[in-house]
Amino acid sequence: MSDEIESLIRREYEAGFVTNIESETLPPGLNEDVIRIISAKKNEPEWMLQWRLEAYRKWCDMEAPQWAHLQHPPVDFNAISYYSSPKSKDDAPKSLDEVDPEILETFEKLGIPLHERAKLAGVAVDAVFDSVSIGTTYKDELAKAGVIFCSISEAIKDYPDLIQKYLGSVVPQQDNFYAALNSAVFSDGSFVYIPKNTRCPMELSTYFRINELNTGQFERTLIVADEGSYVSYLEGCTAPMRDENQLHAAVVELVALGDAEIKYSTVQNWYPGDENGKGGIYNFVTKRGVCDGANSKISWTQVETGSAITWKYPSVILRGDNSIGEFYSVALTNGYQQADTGTKMIHLGKNTKSTIVSKGISAGRSQNAYRGLVRISPRAEGARNYTQCDSLLIGDQCGAHTFPYIENKNPDAILEHEATTSKVSDDQLFLCRQRGIDEEKAVSMIVNGFCKEVFKELPMEFAVEAGKLLEVSLEGAVG
Amino acid sequence: MSKTPLLEVKDLVAEVDGKTILNGISLTVNPGEVHAIMGPNGSGKSTLANVLAGRDDYEVVSGSVRFKGQDLFELEPEERAREGVFLAFQYPVEIPGVSNMQFLKASVDAVRKHRGQEELDAPSFMKLAREHCKELKLKPEFLKRGVNEGFSGGEKKRNEILQMALLEPSLALLDETDSGLDIDALQVAAEGVNALRNPERSFIVVTHYQRLLNYIVPDYVHVLAGGKIVKSGGRELALELEEKGYSWIQ
Ligand SMILES: Nc1ncnc2c1ncn2[C@@H]1O[C@H](COP(=O)(O)OP(=O)(O)OP(=O)(O)O)[C@@H](O)[C@H]1O
Ligand SMILES: [Mg+2]
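Protein chains in written order, with my numbering: chain E, 1 to 479; chain C, 480 to 729.
Note that these hints are calculated values from the structure, not bench results. Fair warning: there could be bad hints in the mix.
[Claimed, not checked] Within a straight-line C-alpha distance of at most 27 Å, the following computed BS3-like cross-link-like pairs (lysine-lysine) qualify: (1) E:K441 x C:K635; (2) E:K456 x C:K623; (3) E:K441 x C:K623; (4) C:K592 x E:K441; (5) E:K468 x C:K623; (6) E:K452 x C:K623; (7) C:K584 x E:K468; (8) E:K456 x C:K618; (9) C:K606 x E:K452; (10) C:K618 x E:K452; (11) C:K635 x E:K452; (12) C:K606 x E:K456; (13) C:K584 x E:K452; (14) C:K606 x E:K441; (15) C:K707 x C:K547; (16) E:K423 x C:K635; (17) C:K584 x E:K456; (18) E:K423 x C:K623; (19) E:K423 x C:K584; (20) E:K441 x E:K456; (21) E:K139 x E:K196; (22) C:K592 x E:K468; (23) E:K441 x C:K584.
[To be verified] Label-pair restraints from in silico Cβ distances: (24) E:S425 x C:S543: 29 to 35 Å; (25) E:S425 x C:K592: 25 to 31 Å; (26) E:E453 x C:I728: 52 to 58 Å; (27) E:P45 x C:D600: 55 to 61 Å; (28) E:H417 x C:K592: 43 to 49 Å; (29) E:L373 x C:E620: 36 to 42 Å; (30) E:N410 x C:E555: 54 to 60 Å; (31) E:L373 x C:V495: 45 to 51 Å; (32) E:T420 x C:K613: 31 to 37 Å; (33) E:P195 x C:E555: 58 to 64 Å; (34) C:T507 x E:H417: 57 to 63 Å; (35) E:T421 x C:Q549: 38 to 44 Å; (36) E:K409 x C:D535: 52 to 58 Å; (37) C:D600 x E:E418: 34 to 40 Å.
Quick reminder that beta carbons are idealized off the backbone N, C-alpha and C, glycines included.
Using the sequences and the hints, build the whole thing.
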């Protein structure tokens, strides 16, 4: 590889600013009292508090997983504050008009205008700032269609039956260390319910913003698509540039009943740390969906360019016969970023199908691992899986790794697996430059080409965004 | 009155890993001229073309190259391209997933921007690209496929000519563009080149086969051997070479 490709890394992180607002932040540390305070601040019913405490007690007996291809100093869970909310005059803002203008401006700067006049056409947004949801757009329009889209805190109060039925039904409290922590301390997040035979009239989107220093973000998202319904949901995230590592441990649960379809897309751009690997978000996330009914479908599409560390495996449990699970992923790491990401496809029902397309791009001194599990249960007659895992290396100081696991208990199942590793070659770069295209544009074009199969799964509006994001994230990847 | 040369190569010496490959090349190309370069395998023909285009695997040890009066070595490869140096590669590489159309547009945009011309909007560009495809007898689907991705050898070469036609360079270096082309394709490609010939535009055509020169008639023929131009002449030199082989010269 030429020196040009080796020489590294000065990236511009555009979302790295801090908003100066007064906030109310709990002192660092975690114990049962902290959980009681969080629950009380949110005026939660007693059953919710008990659920949290139960999770906390389970978490106390658990240990952080060590199996991932990641290296970081142990996280000091007592140095983190578990709740921070913008201090507003009264309690929580009742409507978007009452939200602190500084916060509205923050979202506007991030390209997510929330107020009535400028809100994004055709996309309803729930905006989460540190630990609280600060507002949801298009509420009335959605209500007309019977769609519930609100913060999970509101849902706990307004739709306790749905929450009690589904919260923890896909990712149980003790599922893993970070999921248990989240279950104990989750602050806010989004709740979606799509009624029977309803096609959600617009894209739904949640935008997560960490602002406060030394604060963890533990959001919880629950999406329930009732029989015959359809919803497309997009999640975006950013954080300021800080020298300290910040923890983000979210849980997302998806439930698709018979004939329902959920399309969940993520464009993740948490602060990745500086060029020396200082700071950045630790992103330990549990995302799982269950195709509960026959003919249901869940599709995860993720474009991950941020975070110092990413640990996440959006998965699908294919319980219903003929159900379909999909995972399309682009994970780009640059600088000193580390990613260990992939998926699990658990085939339980007959004729279940899953598709996995993973594109890992490593630049700089980063490490990028794909880890995937395909499990076919004995009764999953006619199950099929197609897995394609491609790695692209930029420079020769980075690493790409694949860990595909297959557990097949049904001899009839058909499993296909393809994997490739390639490099952005000097020949390709020279071809582009010889045609007048400068080097950075050339690299981003080559990388975009590599990711094409995944980008085409994103909703139109966001495919363009994702392309631009890659371009920014690759800045400085070549000299 | 003598014209200012488009390209003036003087005593060019270039090496790779300490090994001398170009060993004192001098060559003057005036606007509108076609120069053919022939010579045995490994004699340095591609190296010369690559050094002119700015590939950085080669170290220029001494000598000079002036292009349109300016020092070519002052310019980055993309700047040379925008100034009008075009290299049709002997072995075009694939760029998977990047559509030919997207690639061509990015390229033409960059060159036009440099020339102070407006960017072409997508529909006009598509129209233009389709017309050129038609002339080169390439199916329009060709534009949707990834750059050189799964193209046959001959298709890759025709794709190079397509790029040249769109970029309208002032100096085109064609490195064995005829190798791998069937007889009909050879004729089509040659027509593509001839259509671009004009009093300002010059070509350096690297080939092993005098047959190509029946179609693209050169003003000069040079023989490169051991990193040096060992003989220059007119069109007839190529015929003579074909008959007698390279040993005749050495
Ligand atoms: N990057 C490189 N590294 C090492 N050696 C090289 C490199 N490029 C060229 N060479 C050597 O330089 C010599 C000239 O190569 P070049 O490709 O210019 O020959 P050519 O005249 O184009 O040959 P052909 O007719 O086979 O295309 C060869 O011996 C080749 O091996
Ligand atoms: Mg050659």
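Hints versus structure:
Distance restraint check for K441 (chain E) and K635 (chain C): the Cα-Cα separation of roughly 23 Å lies within the 27 Å cut-off, and the hinted pair is therefore satisfied. Restraint check for K456 (chain E) and K623 (chain C): the C-alpha separation of about 15 Å stays at or below 27 Å, so the hint holds. With a CA separation close to 20 Å, the supplied pair K441 (chain E) and K623 (chain C) stays within the 27 Å bound. Among the hinted pairs, K592 (chain C) with K441 (chain E) is consistent with the structure: their alpha-carbon atoms are about 15 Å apart, no more than 27 Å.
Only pairs whose Cα atoms come within 27 Å are accepted, and K468 (chain E) paired with K623 (chain C) is accepted, the gap being roughly 21 Å. Taking the CA atoms of K452 (chain E) and K623 (chain C), the gap is near 13 Å; set against the 27 Å cutoff, the hint holds. Proximity of K584 (chain C) to K468 (chain E) is assessed by CA-CA distance (about 18 Å); at most 27 Å being required, the pair is judged to hold. A C-alpha spacing of about 25 Å is found between K456 (chain E) and K618 (chain C), which places the hinted pair at or below 27 Å, so the restraint holds.
A threshold of 27 Å between alpha carbons decides the hint, and for K606 (chain C) with K452 (chain E) the separation of about 24 Å falls inside it, so the pair holds. Taking the CA atoms of K618 (chain C) and K452 (chain E), the gap is near 23 Å; set against the 27 Å cutoff, the hint holds. Our distance criterion of 27 Å between C-alpha atoms is met by K635 (chain C) and K452 (chain E), whose separation comes to about 22 Å. A hinted pair counts as satisfied when its Cα atoms are at most 27 Å apart, and K606 (chain C) with K456 (chain E) qualifies at roughly 25 Å.
With a CA separation close to 18 Å, the supplied pair K584 (chain C) and K452 (chain E) stays within the 27 Å bound. Taken as a hint, the K606 (chain C) and K441 (chain E) pair is honoured in the structure, with Cα atoms around 24 Å apart against an allowance of 27 Å. With a C-alpha separation of about 23 Å, the suggested pair K707 (chain C) and K547 (chain C) falls inside the 27 Å cut-off, and the hint holds. The hinted pair formed by K423 (chain E) and K635 (chain C) meets the criterion: a straight-line CA distance of about 21 Å does not exceed 27 Å.
Restraint check for K584 (chain C) and K456 (chain E): satisfied, since their Cα atoms lie roughly 20 Å apart, inside the 27 Å limit. Only pairs whose Cα atoms come within 27 Å are accepted, and K423 (chain E) paired with K623 (chain C) is accepted, the gap being roughly 23 Å. Distance check on the hinted pair: K423 (chain E) and K584 (chain C) sit about 24 Å apart at the alpha-carbon level, within 27 Å; holds. Distance restraint check for K441 (chain E) and K456 (chain E): the Cα-Cα separation of roughly 20 Å lies within the 27 Å cut-off, and the hinted pair is therefore satisfied.
Among the hinted pairs, K139 (chain E) with K196 (chain E) is consistent with the structure: their alpha-carbon atoms are about 19 Å apart, no more than 27 Å. The straight-line distance between the Cα atoms of K592 (chain C) and K468 (chain E) is roughly 21 Å, inside the 27 Å bound, and the hint therefore holds. At most 27 Å may separate the alpha-carbon atoms for a hinted pair to count; K441 (chain E) and K584 (chain C) meet this at roughly 13 Å. Restraint check, S425 (chain E) to S543 (chain C): a C-beta distance of roughly 30 Å satisfies the suggested window 29 to 35 Å.
Roughly 26 Å separates the CB atoms of S425 (chain E) and K592 (chain C), a value that falls within the hinted 25 to 31 Å. Distance hint check for E453 (chain E) and I728 (chain C): the Cβ-Cβ separation is about 53 Å, which falls inside the suggested range of 52 to 58 Å. For P45 (chain E) paired with D600 (chain C), a C-beta distance near 59 Å keeps the hint of 55 to 61 Å intact. Taking the beta carbon of each, H417 (chain E) and K592 (chain C) are about 44 Å apart, inside 43 to 49 Å as hinted.
Between L373 (chain E) and E620 (chain C) the C-beta distance comes to about 39 Å, which sits within the given range of 36 to 42 Å. As the Cβ distance of N410 (chain E) to E555 (chain C) is approximately 58 Å, the hint placing it in 54 to 60 Å holds. Range check, L373 (chain E) to V495 (chain C): about 48 Å between beta-carbon atoms, so the 45 to 51 Å window is met. Checked against the given bound of 31 to 37 Å, the beta carbons of T420 (chain E) and K613 (chain C), roughly 35 Å apart, stay inside it.
Checked against the given bound of 58 to 64 Å, the beta carbons of P195 (chain E) and E555 (chain C), roughly 60 Å apart, stay inside it. At roughly 58 Å, the beta carbons of T507 (chain C) and H417 (chain E) sit within the given window of 57 to 63 Å. For the pair T421 (chain E) and Q549 (chain C), the beta carbons lie near 42 Å from each other, so the given range of 38 to 44 Å is met. Distance hint check: the CB atoms of K409 (chain E) and D535 (chain C) are about 55 Å apart, consistent with the given range 52 to 58 Å.
Between D600 (chain C) and E418 (chain E) the Cβ separation comes to about 38 Å, which falls inside the hinted range of 34 to 40 Å.
In this structure, none of the earlier numbered hints is contradicted; all agree with it.
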